[in-house]
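Novice: Protein chains in written order, with numbering that gives the first Met the number 0: chain A, 0 to 107; chain B, 0 to 416.
Be aware that one or more of the hints could be misleading.
Said to hold, decoys possible - Using C-beta positions, here's what the derived DEER-type ranges look like:
no., chain 1, residue 1, chain 2, residue 2, range
1, A, E77, B, E340, 31 to 41 Å
2, A, A21, B, G289, 46 to 56 Å
3, B, E186, A, T98, 33 to 43 Å
4, B, R65, A, P58, 31 to 41 Å
5, A, G32, B, D349, 37 to 47 Å
6, B, G289, A, T98, 29 to 39 Å
7, B, D310, A, E77, 33 to 43 Å
8, B, T132, A, G32, 30 to 40 Å
9, A, P58, B, E363, 29 to 39 Å
10, A, T98, B, S312, 18 to 28 Å
11, A, P99, B, R393, 13 to 23 Å
12, B, T383, A, E77, 17 to 27 Å
13, A, G62, B, E409, 18 to 28 Å
Keep in mind the hints are simulated off the structure, nothing from the lab. Glycine included, C-beta positions come from ideal geometry on N, C-alpha and C.
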Amino acid sequence: MYRQGDVLIVPVPEESLPAGTAALPRQPRDSRGRLVLALGEVTGHAHAVVGPGLLVREPGPFGASYLHLPDGGRVVHEEHAAIPLPKGWYRVVRQREYTPGAVRVVAD
Amino acid sequence: MTTTVSGGPGTGTVERGAGTAPAADGRPDPGSGAAGGEPATWRAVASATGPADRTAAEAAVRLAYRRAGLAAPERVVWTGSPLEGTAAALLLTGVGDRLPEQVTARAAAALRAAGAVPGREGAGRPVRDEIRTRPWAAERQRLLAALGPAGWAERWALTAAPLWDLTRALADRVRTAVVEELARTPEDERTVRLAMLHAVLGQHDAPWLASVAGPPAPAAPGAADDGAPATGGTPDPGALDGLAGVARAAGWWWPYEKVVILSERPAELHRDEAGRLDRGDGPALAYPDGFALYAWRGMPVPAEFPARLADLSAERIRAEDNAELRRVMLEHYGYDRYLAESGARPLHRDETGVLWRIELPDDEPVVMVEVVNSTPEPDGTRRTYWLRVPPRTRTAREGVAWTFGLDAEEYHPRRET
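Make a model of the complete structure from these sequences and hints.
Specialist: So this is what it looks like as structure tokens:
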């Protein structure tokens, strides 16, 4: 697994993917042609993948995201060093923080 | 992360009013689905601040009435906020006699300035259904038929859904505050809420407009009037262009047969990176007429609270009786400062970070992991973050793993930046 700031990218063997993952709605690329794994609401800084691949997201606010990189790729961010990723499927996890009575998403 | 150590995650960034017109925002937007090169996004429309473009808004209002088969409104009333707009709507429809005097005076002045006469006869009936609800339902139905249920669900997931929760939460907070300002009895509350039900939300309609109205850029001159229906699963740029135009240019608005009440956008909107209202030194949301909401990381706080944040000490934090406000004070003061001043000792330390614990009277303890950023800053230092984790956490690794939904033994990053 790989951590870039507040995003954890966990390799998932294809046979271990939840049924129907590949058929989930595909997230569109941003205006720079990148797959955005997580976006900072104010800065617009993004954890993003450059290159071929697809990003799908389960519906709902806590739905998991899965990234497929058929040829491998690189995840970049304005404030963090890039991380090369081997080809395969990944689960993308956004960091969260504990608050009494609730859990909230961390964003950078 | 853009966090400052003293502020904790998600703070230290500000979304400010001046010049954030939607078209000026060119940042990547995974939610808009807009084609490359198109700078305006519905996300930017939803959070736009600064004076309304009154000329554009009024033209778009006339267009929306025309699309609904209605004559243009005779009077256009501008108000400074959703609060003043709601008050004007209540006065205009003849049910505003119990409103607080100060708001009433401003709303009445706005009506007089437009030559609008209070009382139901002068306004005509509310026409929100014709203006907004029916065209939206028809366009959704048309796209649903063209795309199929799965296709429509996918369109919604990619366009409206990313903006929905944030914008709805913002509008709900505004509604709650308007009720608090205007209603003194449960009966008043019903009346005030009913008046808000007649409102079209302008910029806060951006989420559903994103799903049915195509990109938010203004249509080319003349394109709106060619009357050619769109085909297939493509949004029809003409069907909702009036509504989209008002959304780009103004805040909430109240369409009545003979009068339209429009309201300004916020002058200030401060949110954290997770999109929650958040400001430590003033109102998190403020309209030009003074209507304002105070919040810290989404939690409503009293208006005078930011002043108290300016002069904190560990002793004052310990002395605060309200557990929620004490939590806010602690976050604002900085866990690290508080830890240093209170002589706290780390509970546990390993290669993932340091685990800290602060005991609080009459509240559960604050347990945090201190994590160091793996990528150095330009000056060679490394930024430190404090993330709160469940109080039962025993090791730093367990804490960091929890923030990613993993068990301690599962969390072994091969590479971190």
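Novice: List in ascending order the numbers of the hints, as given earlier, that are violated by the structure.
Specialist: Structure breaks no hint.
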